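Enquirer: Use the sequences and the hints to build the structure in full.
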Amino acid sequence: MPQRYFLIESRDPFDTTTADSSATLARSLVAEGYQVTLFLVQNGVLPTRPGSRSKHLADAHKAGVTILADEFSLRERGIALDRLVLGVQAAPIDVVVDAMAEGAKTIWH
Amino acid sequence: MSKKKLAFALMDPPFENARTTTAMRLLEAAVRKGHDVSVFAYEGSVYLPFARQAQHANSVRGHSVEEENHPLTKDWLAALLAAAEGRGQKLEWANCGLCVDERGAQEAIAGVRRGSPADLVKFAEECDNTLVIATR
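Protein chains in written order, with the numbering used here: chain A, 1 to 109; chain B, 1 to 136.
Do not rely on the hints blindly, as some may be mistaken.
To be verified - With a Cα cut of at most 30 Å, we get these calculated DSS-like pairs of lysine-lysine:
{"hint": "1", "chain 1": "B", "residue 1": "122", "chain 2": "B", "residue 2": "74"}
{"hint": "2", "chain 1": "A", "residue 1": "105", "chain 2": "B", "residue 2": "4"}
{"hint": "3", "chain 1": "B", "residue 1": "5", "chain 2": "A", "residue 2": "105"}
By construction, these hints were calculated from the structure, which means they are not laboratory data. It should be emphasised that the depicted structure is a prediction, and the values quoted were computed from it without experimental measurement.
Expert: The following block contains the structure:
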């Protein structure tokens, strides 16, 4: 079993209720003792704005999940990097390739 | 970081979903970082390297073909293939043959080969890691 999971969420939680499941899965994996990164991309970055659908991200952060948001996707959507919900860090897409190269179990949703 | 072999499985056709742009960005990052890359294109993604893609004007904006400069996935892929070759890296692209036949997408750019789902198994076995970007 891999010791590190890298989950990629591309969906908008305002559009599909299953988008929040990545954060829930991430929390569950952390509870099982794994190191978990949740990478938000495309419309998956929308809940990084403090708002009604940010709770899942905040809870995941509190649980120990590393949460990254694709810089390009944030810029496309006009989301300011200094106004992200607490615990979310902007990152280049290179982090996905790095995680793959390091052997993390990488899953796209 | 040492050179690795990374595999990607794609399913989306071009010009329809942000996943295509993201997939191309990932391939570019993997090549730029010095890794060997294997891609299995399934279903509509076999049209990503379709050689007869063509730019068009935009009458709504009043743009000519040159002004619109519409991006084409076949050109993105050609650039990635050239970049990988220039750096001495491997970028292998296998189109699912049945998917190609169903869609009449036989005319692919140079560097793309016909394959089958068995290639995805082979890539997953040979490579250090695999990312499947599935159509939703």
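Enquirer: All the hints need checking, so say for each whether the structure fits it.
Expert: Here is how each hint holds up against the structure:
no., hint, verdict
1, B:122 with B:74, "holds, 24 Å"
2, A:105 with B:4, "holds, 15 Å"
3, B:5 with A:105, "holds, 15 Å"
No hint from the list above goes unmet by this structure.
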